[in-house]
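Novice: Below are the chains, spelled out letter by letter.
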Amino acid sequence: MTSLTWTRRRASAARFWRQYRRQRAGAYGLVALALIALVALTAPLLVGGDVRSVTDAPGTALEAPSGRFPLGTDQFGRSLLGLLLWGARVSLAVGLLAAALSVAIGTLIGILAGHYGGWFATLAMRVTDWFLVMPSLVLAIVLATVMSRSVWTVVLAIGITSWPTTARLVRAQTIAVESRPYIERARALGGGHGHVMSRHVLPNVMPLVLSQTTLCISTAILTEATLAFLGLGDPTVVSWGGMLQDAREAGAVSSGHWWYLAPPGIAIAVVALAFTLCGRAIESVLNPKLGAGR
Amino acid sequence: MTTTVGSPAGAARRPGTTATAYPRYLAGRLGGAAVSLLAVLVTSFFLFRVLPGDPVKAMTRGVPTSAGQMATLRRQFGLDLPLWQQFTDYCAKALTGDLGTSYQFRAPVGELIADKLPATLLLTGVAVVLYSAVGLWLGTRSAWRHGGLGDKLNTGVALTLWSVPSFWLGLLLIIVFSVGVGPVPGLFPTGGMESGDETGPAYVLDVAHHMVLPVLTLVAVGYAQTLLVMRASLLDEMGGDYLTTARAKGLRDDLVRRRHAVPNALLPTVTMIFINLGHVAAGSILVETVFSWPGLGGLFYQALSVPDLPLVQGLFVVFAGAMIVMNLLADLLYPLLDPRVGR
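Residue numbers (UniProt numbering), protein chains in the order written: chain A, 1 to 294; chain B, 1 to 343.
What you were told as hints is all true, and nothing was included just to trick you.
Output of the computed footprint for chain A on chain B, the stretches with three or more beta carbons under 8 Å from beta carbons of chain A: (1) 164-173; (2) 295-306.
Far from chain B by the CB rule (all over 12 Å, computed), these chain A residues: (3) Arg8; (4) Arg10; (5) Ala11; (6) Arg18; (7) Leu85; (8) Leu101; (9) Ala104; (10) Leu169; (11) Val177; (12) Glu178; (13) Pro181; (14) Leu189; (15) Gly194.
Everything labelled a hint here was simulated from the structure, so no lab data went into it. Note that beta-carbon positions come from the ideal geometry of N, C-alpha and C, so glycine has one too.
Using the sequences and the hints, build the whole thing.
Specialist: Okay, here's the thing in structure tokens:
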């Protein structure tokens with residue numbers, strides 16, 4: 001029984017992969033993500049942790065790009081290339097964690113509301129709708145303002161404010177799945193609420209959750225950069241948004257130091273774009289009618 | 001709101017329901033919006049009074065304050081009263097338009113907001129109109145020739161710009177077009193809304209000159225969403241039999257698109273434009289900050305850096321209220337545009 005299930009799942013994963021590979025934009029996105037993830041994981045080997053040290057920085061302040069510092073230096077004389085590579089870790093980690101939190105909340109609420117229905121669903125969906133009309137960036141900023149400055153605050157602020165879309169999608173999918181005959185069969189054979197939700201509904205909403213997570217990560221990375229730029233991130237942590245804030249404070253704008261400003265923004269855009277492309281590719285594999293890849 | 005005789009929906013409907021359906025729908029939506037507004041008030045209260053633990057400590061963070069000063073501040077902001085009393089006071093005041101006193105400017109929050117509102121409305125209004133127009137136009141073109149080189153280029157550029165942080169794009173535009181890089185001279189002002197010494201038509205031109213870069217930033221970052229929704233909904237319509245009929249009648253391709261396909265595909269996009277209108281006030285926080293635009297977004301940033309909690313709270317209520325009102329408008333408009341909805 002189990003091996004049969006796994007054979008079926010493997011086959012369906014292989015089919016998914018075949019269709020995904022045909023989405024050219026999605027394939028580029030995936031390759032870009034693999035490269036960036038590799039850089040983020042090996043950053044300590046590539047540049048070493050002391051690249052962040054303000055006290056014994058190797059260069060002088062605000063050097064233009066040169067052979068020694070390919071992207072120049074910041075106002076403390078730190079190598080901008082080193083900081084950029086190091087910043088990938090925080091931006092990716094915060095993006096992934098916040099998206100995971102947001103999608104987890106959304107999936108849980110969506111499945112529970114779709115499965116149980118009744119007053120619980122009404123209440124849960126009212127809360128969801130209410131979060132949906134809240135300007136999420138403002139709510140995230142406010143949460144980050146009233147809580148202490150740390151990376152976890154940023155993760156929490158993004159996660160708490162961005163789950164409603166997932167909850168709505170998952171609830172709709174849950175209701176669609178539960179109207180199918182095999183769920184009735186599972187119930188007739190004595191399957192309880194937990195069994196139906198975890199064994200039948202969850203595997204069926206997982207593909208949707210996957211595409212939603214991918215799209216959510218790019219929003220989370222942009223929000224993280226925004227919060228850091230507004231000075232609401234952890235000032236001791238190097239992130240791309242934080243680098244942009246440093247650049248602005250160092251007067252990079254008025255003195256025309258575009259080489260200080262450009263790289264972190266490009267990095268943010270590339271990562272956000274890569275995740276968006278992957279998410280759209282997954283979406284159009286699951287739902288060819290969407291026409292994203294057409 | 002005429003009933004189309006013979007349509008399946010019309011035939012199934014009991015006679016007389018159409019006349020009463022819209023008012024009932026209206027009442028439902030108005031009630032929902034009122035509940036949402038109340039919920040915003042409740043949330044903002046708990047967000048700012050309960051979550052920070054001690055608001056006075058949060059207010060005076062980083063500033064050495066004696067116990068006596070703390071007690072005075074507490075009395076001044078009514079924080080020595082029991083929580084439920086603070087809450088009822090707060091609600092009663094908020095409903096009469098009194099949002100409290102700014103800690104930083106020592107002025108009523110309502111006045112500060114009313115003062116900055118026109119600048120934000122001007123900036124974001126122009127930006128939304130422009131990016132909706134650009135998004136609709138490019139989205140239509142993209143869908144009509146879907147799969148072609150133009151479509152791929154369009155979607156690619158839009159998605160790329162959408163992934164760019166707006167504040168970063170703004171800063172780059174300032175460097176290139178205001179400060180000037182290499183041979184490019186500074187064409188536009190670095191920030192603000194006016195030079196200060198112009199009147200009459202020259203003043204209008206001056207403001208327009210200041211608006212170019214911030215509007216460009218908002219449009220560049222924002223039009224992708226309209227484009228994608230328009231593209232998807234037009235693609236949905238393009239399989240429709242009525243388009244085949246229109247073509248069979250001998251209509252030119254251009255007319256089939258303009259008179260038949262686009263009006264139907266516009267429906268979801270119009271709703272989204274309204275929702276965007278609600279979003280932009282909050283969404284322009286970054287752009288206003290970067291361009292020192294004297295609007296609500298810039299005020300929000302100033303309030304954050306203190307942090308001036310009463311002002312942040314007031315702006316939070318205003319931003320959320322704008323969203324709710326715009327959602328309500330979209331809901332109310334939708335049945336008028338698409339008679340299948342809301343009956």
